[in-house]
Amino acid sequence: MNAIIISAIWGVLLMFSGAFLKNKSIPKYLALFGAVLALSSTCLEMKTGHSFFSFPVFDMIKTDAFNLLFIDVIFFIMVIYFLLNADEISKVGQHVAEYYALIFFILSGIAIAATFNTLLMLFIGIEIISIPLYILTGSDKRNLKSNEAALKYFLMGAFSTGIMLMGIALVYGGNPNASFYIDKIDMGHGQMPVFIAMGLVFMLVSMSFKVSAAPFHFWTPDVYDGAPTVFTSFMSTVVKAAGFFAFLRLFENAFGSMHNQWQTMVAWITFATLMIGNITAVFQQSVKRMLAYSSIAQAGFMMLAVFALNVKAKEGILLYTAAYSLATIGIFGVLSKMQDYTIDGFNGLGKTKPLMALAATIFLLSLTGIPLTAGFQSKFFLLISAVENGNHIWLVIAAVLFAAISAYYYFRIIQAMYFKSPESEEQIVYPVSIGHTFMLLVIATLILVIGIYPELVIGWMYR
Amino acid sequence: MNISTIVFLLLSLMAVGSALMMIISKNPVHSVLWLILVFFAISGHYILLNAQFLAVVNIIVYAGAIMVLFLFVVMLMNLNADTEPIKNYRMQLVGICTGGTLLLLLVLITNRMDVEQLVETNAGNAGLIKNLGMVLFKQYVLPFEISSVLFLSAMIGAVVIGRKEEPIDQNPNS
Numbered sequence: 000m001n002a003i004i005i006s007a008i009w010g011v012l013l014m015f016s017g018a019f020l021k022n023k024s025i026p027k028y029l030a031l032f033g034a035v036l037a038l039s040s041t042c043l044e045m046k047t048g049h050s051f052f053s054f055p056v057f058d059m060i061k062t063d064a065f066n067l068l069f070i071d072v073i074f075f076i077m078v079i080y081f082l083l084n085a086d087e088i089s090k091v092g093q094h095v096a097e098y099y100a101l102i103f104f105i106l107s108g109i110a111i112a113a114t115f116n117t118l119l120m121l122f123i124g125i126e127i128i129s130i131p132l133y134i135l136t137g138s139d140k141r142n143l144k145s146n147e148a149a150l151k152y153f154l155m156g157a158f159s160t161g162i163m164l165m166g167i168a169l170v171y172g173g174n175p176n177a178s179f180y181i182d183k184i185d186m187g188h189g190q191m192p193v194f195i196a197m198g199l200v201f202m203l204v205s206m207s208f209k210v211s212a213a214p215f216h217f218w219t220p221d222v223y224d225g226a227p228t229v230f231t232s233f234m235s236t237v238v239k240a241a242g243f244f245a246f247l248r249l250f251e252n253a254f255g256s257m258h259n260q261w262q263t264m265v266a267w268i269t270f271a272t273l274m275i276g277n278i279t280a281v282f283q284q285s286v287k288r289m290l291a292y293s294s295i296a297q298a299g300f301m302m303l304a305v306f307a308l309n310v311k312a313k314e315g316i317l318l319y320t321a322a323y324s325l326a327t328i329g330i331f332g333v334l335s336k337m338q339d340y341t342i343d344g345f346n347g348l349g350k351t352k353p354l355m356a357l358a359a360t361i362f363l364l365s366l367t368g369i370p371l372t373a374g375f376q377s378k379f380f381l382l383i384s385a386v387e388n389g390n391h392i393w394l395v396i397a398a399v400l401f402a403a404i405s406a407y408y409y410f411r412i413i414q415a416m417y418f419k420s421p422e423s424e425e426q427i428v429y430p431v432s433i434g435h436t437f438m439l440l441v442i443a444t445l446i447l448v449i450g451i452y453p454e455l456v457i458g459w460m461y462r
Numbered sequence: 000m001n002i003s004t005i006v007f008l009l010l011s012l013m014a015v016g017s018a019l020m021m022i023i024s025k026n027p028v029h030s031v032l033w034l035i036l037v038f039f040a041i042s043g044h045y046i047l048l049n050a051q052f053l054a055v056v057n058i059i060v061y062a063g064a065i066m067v068l069f070l071f072v073v074m075l076m077n078l079n080a081d082t083e084p085i086k087n088y089r090m091q092l093v094g095i096c097t098g099g100t101l102l103l104l105l106v107l108i109t110n111r112m113d114v115e116q117l118v119e120t121n122a123g124n125a126g127l128i129k130n131l132g133m134v135l136f137k138q139y140v141l142p143f144e145i146s147s148v149l150f151l152s153a154m155i156g157a158v159v160i161g162r163k164e165e166p167i168d169q170n171p172n173s
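One line per chain: the protein sequences are A and B, in this order. Counting from 0, one number per residue, gives the positions in the first sequence under numbering that gives the first Met the number 0. Counting from 0, one number per residue, gives the positions in the second sequence under numbering that gives the first Met the number 0.
Take the hints with a grain of salt, since some may be wrong.
Unchecked claim - Quick partial rundown of chain A residues pointing at chain B, CB under 7 Å, derived from the structure: (1) A7; (2) F57; (3) A100; (4) F104; (5) S107.
As the list claims (entries may be wrong) - The calculated DSS-like cross-link candidates involving lysine-lysine, where the alpha carbons are at most 27 Å apart (straight line), are: (6) K140/A <-> K90/A; (7) K90/A <-> K352/A; (8) K23/A <-> K163/B; (9) K163/B <-> K183/A; (10) K336/A <-> K352/A; (11) K90/A <-> K137/B; (12) K144/A <-> K163/B; (13) K419/A <-> K336/A; (14) K25/B <-> K27/A; (15) K137/B <-> K61/A; (16) K27/A <-> K336/A; (17) K90/A <-> K21/A; (18) K21/A <-> K163/B; (19) K163/B <-> K151/A; (20) K183/A <-> K61/A; (21) K46/A <-> K61/A; (22) K163/B <-> K140/A; (23) K336/A <-> K23/A.
The hints are simulated quantities; they were obtained by calculation from the structure and are not laboratory data. For each residue, glycine too, the CB sits at the ideal point set by N, CA and C.
Given only the sequences and the hints, what does the whole structure look like? Please build it.
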């Protein structure tokens with residue numbers, strides 16, 4: 000509750016700061032302060048169990064240790080994101096304060112999507128996440144690719160929203176309790192009512208679209224490639240994790256009792272996502288596009304949580320959010336400084352910028368899932384959860400195989416950085432400030448710390 | 000036959016008549032204007048059914064916003080006989096089929112209608128603005144207020160996307 004209201008207010012505040020303050024650097028400090036404020040107030044809410052804002056919400060949203068911890072993780076990542084990317088955001092265009100305002104609105108939507116208890120709030124949360132994202136995608140107006148990506152994203156996103164509404168309508172209509180509350184959906188006994196089953200499929204499709212799971216992933220490469228790099232790093236990490244959290248929450252609380260009936264469907268979606276993401280990423284030459292496909296591949300891993308739906312899956316999705324977001328924000332932070340976005344552009348980075356290359360190596364190792372990094376722990380937790388679930392063991396084997404394939408395209412960048420020399424003597428990176436390198440190293444350290452001691456993240460759930 | 004029945008009949012006549020005129024009139028702008036009249040008549044029906052809020056919203060949204068949009072499109076498209084698409088035989092057949100099905104359904108429904116009570120007006124109070132407000136600001140206050148964030152972000156988006164970018168002299172790639 001704190002996070003929802005504080006980030007909504009902060010968005011309005013930032014909007015006005017753009018209109019009335021001439022100083023262009025104020026929004027970035029304001030945004031950083033807002034993220035810290037939301038983080039600390041959510042921590043406080045977790046500790047005391049009360050929100051600052053108490054008005055009757057009629058159980059429209061429900062908070063518990065799990066989703067408050069998720070919001071905490073999100074805002075912690077956002078603090079790091081703002082620290083790392085403040086300069087990049089102000090380079091995108093002229094409406095800097097508005098970009099920050101939109102980001103805070105999205106964060107408010109994320110907090111709703113993490114705590115919703117009715118289908119109504121789910122819909123509003125998902126929409127508040129989506130609409131500002133369309134705008135952020137198209138914010139680089141001089142770039143044709145950005146315009147194309149925004150239009151594509153908007154049209155397809157609008158369709159998927161329509162499908163989700165159709166699903167909500169069917170679930171509501173087929174529900175004898177006539178309630179939007181997700182715990183009051185009558186799932187029948189042994190046999191799912193036909194309208195609810197139809198609604199479930201519609202919602203599965205639209206949620207899969209929002210988290211870019213195959214076969215609803217076609218927008219992802221174009222949109223992630225076209226959007227300004229800073230915003231790609233935002234929407235492929237925090238926003239995607241929030242989508243998965245909403246997905247998990249919906250399917251656990253609303254449709255959990257019929258898990259067996261829809262599990263096979265989710266298993267095939269997971270398999271397709273892993274396969275398409277990993278196999279296609281192998282052939283990419285542009286690192287940005289490769290990371291877009293890798294984000295589809297990582298989405299496949301996160302789908303395992305929806306597939307398994309047990310305690311380990313919840314712990315896993317938290318860890319995965321932290322690990323994947325940190326590593327991806329880091330690698331995008333490196334990428335945004337490169338002159339050339341192709342893999343050859345990384346040639347010789349290990350010699351010219353050894354610290355940056357070291358950080359990038361750790362990010363890539365974490366994305367692959369090499370032990371001692373957070374990526375390993377999170378993948379491990381999700382695989383354990385799928386094994387504990389017991390059905391469809393072939394999916395676990397496939398996931399491990401695809402993780403091995405992913406090593407190929409991640410390691411290609413490492414190889415380029417250390418074992419190849421640049422083709423020309425020209426500078427391959429834009430000037431990098433000490434602060435930027437320092438932040439990259441901080442993120443790399445965090446990844447290692449979480450990788451060695453994952454209790455640091457998930458332990459809060461049981462405190 | 001009391002006064003509300005007479006009003007109902009007048010409104011119905013107005014709705015059906017304007018709807019027919021909308022289809023018949025050759026000039027697309029006239030069609031749009033007739034359609035606005037249809038919306039007004041339907042809003043009158045809503046008021047008779049004690050749905051005040053719906054009546055007002057119907058006028059604001061349909062007659063106000065959507066019809067103005069239609070008018071803009073019609074005027075900007077510069078429709079005349081030259082640009083008229085060639086009428087396809089198959090399309091006409093499909094139109095007859097779908098329209099005929101609708102007509103059949105309507106006839107079936109009117110056959111089963113209770114003729115004794117042709118008009119029921121002034122019944123129920125779910126649509127009164129007071130009751131609607133009570134629900135909206137008590138039970139649904141959270142979604143109601145939160146959706147303002149959604150609209151605000153859409154407005155900011157319109158500004159960000161729509162405002163002209165001032166030319167800057169630095170390298171756009173940096």
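Compare the structure with the hints numbered earlier in the document and write down the numbers of the violated ones, lowest to highest.
9, 11, 14
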